[in-house]
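Peer 1: Model the full structure from these sequences, guided by the hints.
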Amino acid sequence: MLFNSIDFAIFLPIVFALFWTIGRHSVKTQNWLLLLASYFFYGCWDWRFLSLLAFSSAFDYFVGAALYKEHNNRKRKLLFWSSVAVNLTLLGFFKYYNFFADSLINAFSFFGHPLNMTTLQVLLPVGISFYTFQSMSYAFDIYRRELEPVKDIVPFMTFVAFFPHMVAGPIQRASFFLPQFLKHKVFSYELAAKGLKLMLFGFFMKVAIADRVALYVNAVYGNVDMHTGWSYLMATLFFAFQIYGDFAGYSLIAIGCALLFGFHMSPNFNRPYFSGSFREFWSRWHMSLSTWFKDYLYIPLGGNRGSKGRTYANLFSTFVISGLWHGANWTFVIWGAIHGAFQIVERVAQELKFPRIPRPLNILVVFAGVCLAWVFFRAATVQDAFQVIGGMFTNLHGSPYIGDIGIFAFSVTGVLVLLLIEFFQEYYPDTTLLNHRWAPVRYATMLTMLVWIITLGVFDGSQFIYFQF
Amino acid sequence: MKKLLVKISVVLVLLAACDMLAGLGLDWLRDHSPDGRYYKTKYSLEACNEDVVVIGSSRGEINYVSQIIEDSLGLPCWNASRGGQGTPYFRAIQEGILSRYAPKVVILNIDDNDLETRPNYEHAGVLRPFYHNHPEIRPILDQTSKYEWALLKSRLYAYNSSYYYLIRPYLVKGLDGKTSDKGWKPRLDKMQRDIGGVIEPEPQKVPLHPESVALFDTLISKFQQRGTRVFLVVSPNFGRSVSASSAIEYLKKTSQQRGIPLFVYSNDTAFITKPEYFVDPEHLNVEGAQLFTRNLIRQIKPHIHPNHLSQYDDTLR
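Those protein sequences? They're chains V and C, same order as listed.
The end of the first sequence is residue 472 by my numbering, with every number in the run present.
The end of the second sequence is residue 1216 by my numbering, with every number in the run present.
By construction, these hints were calculated from the structure, which means they are not laboratory data.
Glycine included, every Cβ here is placed at the ideal spot set by N, Cα and C.
Interface residues of chain V toward chain C, partial, derived using beta-carbon atoms under 8 Å:
(1) 9
(2) 23
(3) 192
(4) 195
(5) 408
(6) 409
(7) 412
(8) 413
(9) 446
(10) 449
(11) 450
(12) 453
(13) 454
(14) 458
(15) 462
(16) 463
Peer 2: Pasting the structure below:
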C-alpha cells in the first residue's frame, strides 16, 4: 500500500478513527491497534515477509532484554554481535546475495576463469534496510546503556513496524522513539492539524513535483543512447528534484501521519539544496540515516579521534557503506564514494585555509557536485553513468529533448515553485503561508496546494524511490 | 477532535466548490476550442457524421490525408486518430461514434507491434474530460485505474495535466492541424537522415498480448456488427522493414477469417527507404502522406465499388 494511493486514503481514516475511539482509553489497546494496522499495511505488499519482520523484531527484543540483565562484558558483546549478525545476515541475503554473486562471477570471468555459481531469484522485502536498522538501534542503545529495554514486546514490535515509517523511514532511534509507545496518547488538535499540513506538503512534493519530473527523467535515463548532453544535464537537474521531492515528500507524509496518532518523529530533510558545503548537505539530507551512520558506524570506527588519514579513511568507508546500503549495485557504491571524496576534499580545503567564497556561490558548487553524484544514483549501470557524464561535457550540440511540451512546462513550473517555497522557508521562515496567522491565507494556501495536486499531480500510483532500499 | 473534523469539512467543502467552478470554466474551454486536440476528440465523439472515418495513433493522424480520401472515394472523411494512443482510445472513440451512427467505411491504422503489448489504458486518460457527458466511454476509462470512477467525480481531476493543450488552440491556431484538414495533422519538415538504402532487419518476434488481441477483436466485431466496412492498414516506418511480426501475422489471419482487407506498408520499399517522405522515422511528411494516402485509396477503392457496398448503403449504387 502506497501513501499516494486511494487504498491508503481509505486505510488511514479507518485506523485514525479506531485509534481515537476504541483505542483512546489505554496505551495497550493503542499499541495493539497500531501493530495490527502496521502488519496489515505491510502485508498488503507481501504477507509472506511479515514473518521476517516479526522475527527480526522479536529477536532484537529478546537480545535487548538479555543484554540489559547481563553484566559480563564478554557475554554482552556476544549478545550484541549476535543481533548485528542476524540483522545483517537477513539484509545481506535478501538484498545483496545476487549482487555479490554476480560481482564474483564477473570478476572471475574478467580474469579468464569463468565461475560456475548459482544466483537465486531473491525477492527484496520492501523496507528491509529501514526496519532492520531501526531494530538494530535498539540493541545498540541498550548495549551502550543509553536505553532500558521495554518489558512488553507489543510496544517494541509496534515501534519497529509503525506503518508511517516502516518501509522508508525516517529511521527513528530507539532511545528517542520507543518511549513514545509506552505513553498513553491523548488527542491533540494542534498535533493533528500540523500533521495534516505536513502530509499535504509531502503529497505536493511527491505527486506534483517528483512524479511529474520523473516522466522526463525516465525518458532520458531510460534510453541514454538516444540523447545528447543538454538532455543529460536537464534530466540530471530534474532528477535532483525528483529524488528530493520523492523522499522528502515521503518523509513529510510519514512524519505528518505519525503526528495524527500523537507520535513525534525526528525530521529527515531540511532544504538540503541550500547547503553551503557538502558537510552541511549531509546534515540536511536524509538526516535520520546520516546520524545513524555517524553514531553506529563512523564513531565506532574511530571517527575523527585518530590521525587525519584515519579520519579520512573512516569518512570514506562510511560513505561507501552508506552507498551500498542504498542499493545492491556498483552505481550506489560509486555514488557513496563520490560523496566520501567530496567530504575529504572539503576538509582538506578547510585545513589548507582556502580563501572563502560567497555563500551563494558555495551553494551552487555544492548543488553541482551533488547533481554529478546523482548521475550514478539514477543511472541503470556504471557505463550509462559515465556516458551521461561524458555527454554533459562533450556532447553539447543541438537542443535538449523536450518530449511532451506540456509535461516539460509543468515540470519546470513545479520545480520553480518548490524552490520559491523553500527559499522563503529558508530565509523568511515567518512568511510560511501554510502556517500563516490569518486563517484565510492558510485556507487559501491549502486549497491552492490541493488544487495543484489534483490538476497537475501524476496519479499513476508510482512507487516511492526509497522503497527499494 | 470535533474542531479538526469541522475544519477538514470546511476545506473539503471549499475544495468541492473550487472543483465545481473550475470545472465549469474548463468545460467551456473544452467546448469552445477553435481547433486542436480537445476540439478533435469532441468532434469525434459528438459530432462527426462522415461516411469514412480513419482511426489510429499518431501514424493515423499524420499519414492519412482526409481530403484525398474524400476526393478519391467521393465520400466525406474524418480522421479521428490521435497521437500516443492505442486500442483503448480507439474503442472509446468507436463507442462515441457508434452511439450516434455507423460509418460506411473505417480505415484502421494498426502499428506493426500494436497487439504485442498490454493495452495502454493510461494513455486513453486524455478522454477524462469527456467522461461525464459520455457514459458510453466510461467502461473503457474505468480501466485506467482501480478507483478511476471515484476520482472522476472531480472535474479538476478530469482535466489533470490537460491545460497546455486545452489553452494552446486559443493562443496559436492550427498547431494540431486546421479544422479544414478534417482531422489530418500535416507535418511539413523533411527528415535529415539517410541510411543509404540499408534497412534494419526484421525484428524478433514478440508474443501477442491476449488482452490487446481481445480488445482489437471487439473493435473489429463492433464495426462489422453495425455493417461498417473495415480496412486494416499497417503504415511504413523509415529504415525498418516489418512483414512478419506477431501482430501482422494476427492481422493477416483476422483479415482472412473476417473478410477484412489488410494493406501492409511496413515493408514497402517505395516508402521505407525514402527519407524525403518522412518527418521522423515513424511519421510521413506532407509529401509522403499524400503519396501514401493516394496509394492506399487506389488499393481500397476496388473493395468499395458500389457492388461491394451494396449491403451497407444502397444509395451508392
